[in-house]
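Which chain is which? The protein sequence lines are A and B, in order. The opening position of the first sequence corresponds to residue 1 in my numbering, with each subsequent residue numbered one higher. The opening position of the second sequence corresponds to residue 1001 in my numbering, with each subsequent residue numbered one higher.
Think of the hints as simulated: they come from the structure by calculation, not from any bench. Heads up, a few of these hints could be off.
Unchecked claim - Taking lysine-lysine and the DSBU-like style, the derived pairs with C-alpha atoms no more than 35 angstroms apart in a straight line are:
no.	chain 1	residue 1	chain 2	residue 2
1	A	Lys143	A	Lys191
2	A	Lys87	B	Lys1019
3	A	Lys283	A	Lys447
4	B	Lys1019	A	Lys447
5	B	Lys1004	A	Lys52
6	A	Lys87	A	Lys52
7	B	Lys1008	A	Lys191
8	A	Lys87	B	Lys1014
9	B	Lys1008	A	Lys52
10	B	Lys1019	A	Lys143
11	B	Lys1019	A	Lys283
12	B	Lys1007	A	Lys52
13	B	Lys1007	A	Lys447
14	B	Lys1019	A	Lys226
15	A	Lys447	B	Lys1004
16	B	Lys1014	A	Lys388
17	B	Lys1019	A	Lys388
18	A	Lys111	A	Lys226
19	A	Lys283	A	Lys224
20	A	Lys447	B	Lys1008
21	A	Lys143	B	Lys1014
22	B	Lys1014	A	Lys52
23	A	Lys143	A	Lys87
24	A	Lys87	B	Lys1004
Claimed, not checked - Non-contacting residues of chain A with respect to chain B, defined by C-beta distances greater than 10 angstroms in every case (computed):
no.	residue
25	Cys10
26	Asp35
27	Glu382
28	Gly385
29	Gly430
30	Thr460
Where is the CB? At the ideal position from N, CA and C, for every residue including glycine.
This is what each chain is made of:
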Amino acid sequence: MRSTRSAVRCASSRGDWINSGNGPAFQPIDIGHPDYMGVLEADTAFWSLVRKENLPELFTGGSLAREYAGRAELFAEEMQALRFGLKPSAVYFNCTERCNLNCSYCYIPEKMRRYGRHMEAARLLDALEILGNHFRQTIEDRKPQIIFHGAEPLMNREAMFAGIRAYRDVFRFGIQTNAVLLDRETVGFLKEHEVSIGISIDGPDMQVSDRTRVNWNAEGVFDKLKSVLDELRDQSNLSVICTVTSQNMRDLTRLVEFYHQAGVEVCMLNPVRCTLEGARQIKPPDEELAHHYLAALDRTYQLYQETGRKLIVANFANIILSIVAPSARRLMCDISPCGAGRCFFALAPNGDVFPCSEFIGLPAFTGGNLFESDLNQILESEPFGLVKGRRVEDIIPCRSCAIRHFCGSPCPAEAFEMGGTMQCPGAFCGLYEQQVRYALRLLADQKSDAYLWDGWDHETENVFQYEQI
Amino acid sequence: MQTKNQKKVIAYRKRCHAKGTGLSHYILLDKKVK
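Generate the whole structure from the sequences, applying the supplied hints.
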């Protein structure tokens, strides 16, 4: 069994001193704040902020170390459960290989998107039956999630709708779509069946959006996306995703203004996954990206101050949660091992099962076929084991990085394709450094709640509270 | 108006029943923001 900490304390050290023997391994980091330094214990994802003039006191017998020591095992157990104890409860269901767009960064091979096949309705219903039977054995406290995903799921609309109609009592459904085929009838059906909708918009205007999101005739689709966004203005359970590349990073501040004006409540600003070559060609440099990224986060704060209405950047909110409440995080990319194969998995239109959608273009990572093999065996297959076994402790420089459990060094598909091994860091190490420091600055300035959805902590309990005035 | 933080040390942690299931290609929402 893997552990975040050594299970057996064989050293004779009493743990009296920080950073030696069995004492806590506290790493001070500069967070770019005028008054505070971060002091982190990486293995247990423990964080604290210490005024700079009080750092010597902390490292020479201050009470924080004693308080921490009293909770360290609890924190370690929490991280162990979060990292190795969860079961899959979501499926990214690709009901077609085809897409009506040809975005330059897509992780699904072009041939598949252009000429691929649909999953037939009867087959889709069979798949949902198998998945429903599986989850009945493994999940007791909630409905599992099915997210119809791309390629473009609305290319196979009728089969997907048949599945939603038949299994709405078994699953919570969602759809991630490029929105081009989201007509009024489709939106009506999704609303009626309480299907969450995620749409993709990469720019605040045609000029930016159409650089990467185009159809097979190289024509942009921004006008259509804009009209859909207007149509969905009052839609609850709507989120918008932007894939951030070198083509739109300079426009992120205008983009969050555009989202906010359109009434969007939750978005994600996702750095492009560099799994395939097309994406790598528009990978933004970390430092420049971080500059624009943090400026956009600043702007969401200003918009909240100006209007009283939040625009949550969910993937950044998730980083704040990874610091203050690790088990409350929603997204499981920024954790090691990531959620691929252990919290969710992906189903391809031919029934092949992959740890995550990101692997769908990489046949070596098929764990088996849903219609031919037992799903439990698929989830324990060698390709799944390879992905689930990717740990920051085995990666340089992550193994000595203070923020390794706030970042997770995603993503395995990207790392494997870029570096040829799972033991490579993710593509945006520098961006994560900046995001975590930004999050710690927010905590120092008591601003973090402005970046989180209201009520985020309703189901949480306090397990540590330390303040020294 | 933001008040300047004067505390020497700040540290807290919350915990809940872990439900993390999402990947960054999509987030299923069940919480409203204001």
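(request) Return the numbers of the hints above that this structure violates; sort them in rising order. (result) 6, 7, 24, 26 and 30
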